[in-house]
Amino acid sequence: MLRAALGVAFGRPWAIPVALVGAAAMWLLLAWSGGLIQDYPTGWEFHSEPWRLGALALLAGMFGLLLPLEAAAVAKARGAAGVAGGTMGTVFGLLSMSCCAPLVIPALLSFVGFSGTTILSINTAVAPYEAQLTIAAVAMMALSLALVTRTLVAACRLS
Amino acid sequence: MVTALQKFGTLTGWGKDTHNANEFGFKLVPTYDLLGAKYDSPYISFSSKEIQDHQHKPFQKLDPAEQDYINKYDPKASYPFLIINGQYALSGPGKAGYSPAVIDGQSFDDVKQQVDSNADTPASQAIHKEAQIIVNYICASTGGAPASVCKA
Numbered sequence: 000m001l002r003a004a005l006g007v008a009f010g011r012p013w014a015i016p017v018a019l020v021g022a023a024a025m026w027l028l029l030a031w032s033g034g035l036i037q038d039y040p041t042g043w044e045f046h047s048e049p050w051r052l053g054a055l056a057l058l059a060g061m062f063g064l065l066l067p068l069e070a071a072a073v074a075k076a077r078g079a080a081g082v083a084g085g086t087m088g089t090v091f092g093l094l095s096m097s098c099c100a101p102l103v104i105p106a107l108l109s110f111v112g113f114s115g116t117t118i119l120s121i122n123t124a125v126a127p128y129e130a131q132l133t134i135a136a137v138a139m140m141a142l143s144l145a146l147v148t149r150t151l152v153a154a155c156r157l158s
Numbered sequence: 000m001v002t003a004l005q006k007f008g009t010l011t012g013w014g015k016d017t018h019n020a021n022e023f024g025f026k027l028v029p030t031y032d033l034l035g036a037k038y039d040s041p042y043i044s045f046s047s048k049e050i051q052d053h054q055h056k057p058f059q060k061l062d063p064a065e066q067d068y069i070n071k072y073d074p075k076a077s078y079p080f081l082i083i084n085g086q087y088a089l090s091g092p093g094k095a096g097y098s099p100a101v102i103d104g105q106s107f108d109d110v111k112q113q114v115d116s117n118a119d120t121p122a123s124q125a126i127h128k129e130a131q132i133i134v135n136y137i138c139a140s141t142g143g144a145p146a147s148v149c150k151a
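Chains as they are written, first to last, in numbering that gives the first Met the number 0: chain A, 0 to 158; chain B, 0 to 151.
Hints are all accurate, no fakes.
Here are some of the chain A residues that sit facing chain B, going by a computed Cβ distance under 7 Å:
{"id": "1", "residue": "D38"}
{"id": "2", "residue": "E44"}
{"id": "3", "residue": "H46"}
{"id": "4", "residue": "E48"}
Stretch by stretch, here's where chain B covers chain A in the computed footprint (C-beta under 8 Å, at least three residues):
{"id": "5", "stretch": "23–37"}
{"id": "6", "stretch": "107–118"}
{"id": "7", "stretch": "123–129"}
Since the hints were derived computationally from the structure, they do not count as laboratory data.
Computed from a prediction, not measured in an experiment: that's the story for all the values here.
Virtual Cβ for every residue (Gly too), placed ideally from N, Cα, C.
Can you make the complete structure from the sequences, with help from the hints?
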């Protein structure tokens, strides 16, 4: 089913550039918000443990796949019964983004006006569960891909 | 920070520590353990808080005044966070500091010896450069006292 959906989504000429740009943007967002990229007086540096690097690459790659699938699903399923599945796919995709690196949550909270001490408390509370959160993020991204794939295949059957 | 503080007073009771091995890809980064430290100075006072332990669990709590500083000067809760006399704030690892890569894999004693002897090494230069920035802020907050440090 996934192969069929990818065939439809990546049959469009812009799908591969969108996937690559989306994956790169997601990788940068996660790396920056996770504190892996730092601006020192001597210049920018990137440091990470291998497992975190692998998790970021996996999530960014999955997000790159998700974008063309989402676009194709929305285009195909517009007004059809499968839209709910596509919406849920988007929701899980967004959740997996914010879940992946605990520091993404403080970055988002800061953006919407939470205080520094609240962010510090949340950051401290979630830090011991980083591995579990990362696994949950990958699982949610996988669920997102599955939901969008199902939506796209169902919409193709209807049309 | 310790190098800067020692120009204004005497820091005793400190210990040797390291960051967690392999965290963020660094092998072992030496650092001071200031939990039992005492600072005496005729010019300034000093206090520090560690908000997480080595297992990343909540450790020391911030008092209301410290929370106010965080809310005012560190809205993204970056760390390390340094506030001097309620006037000058440094937050995040990169603003005035140096990359942990500069001292990664070296022993505490080796780095301290380089700093104490003002050796011409990347570690010593980076630490003294950061210390001078902190010294400048402290001098601004003490009105230039002591002259032996602030006019040096």
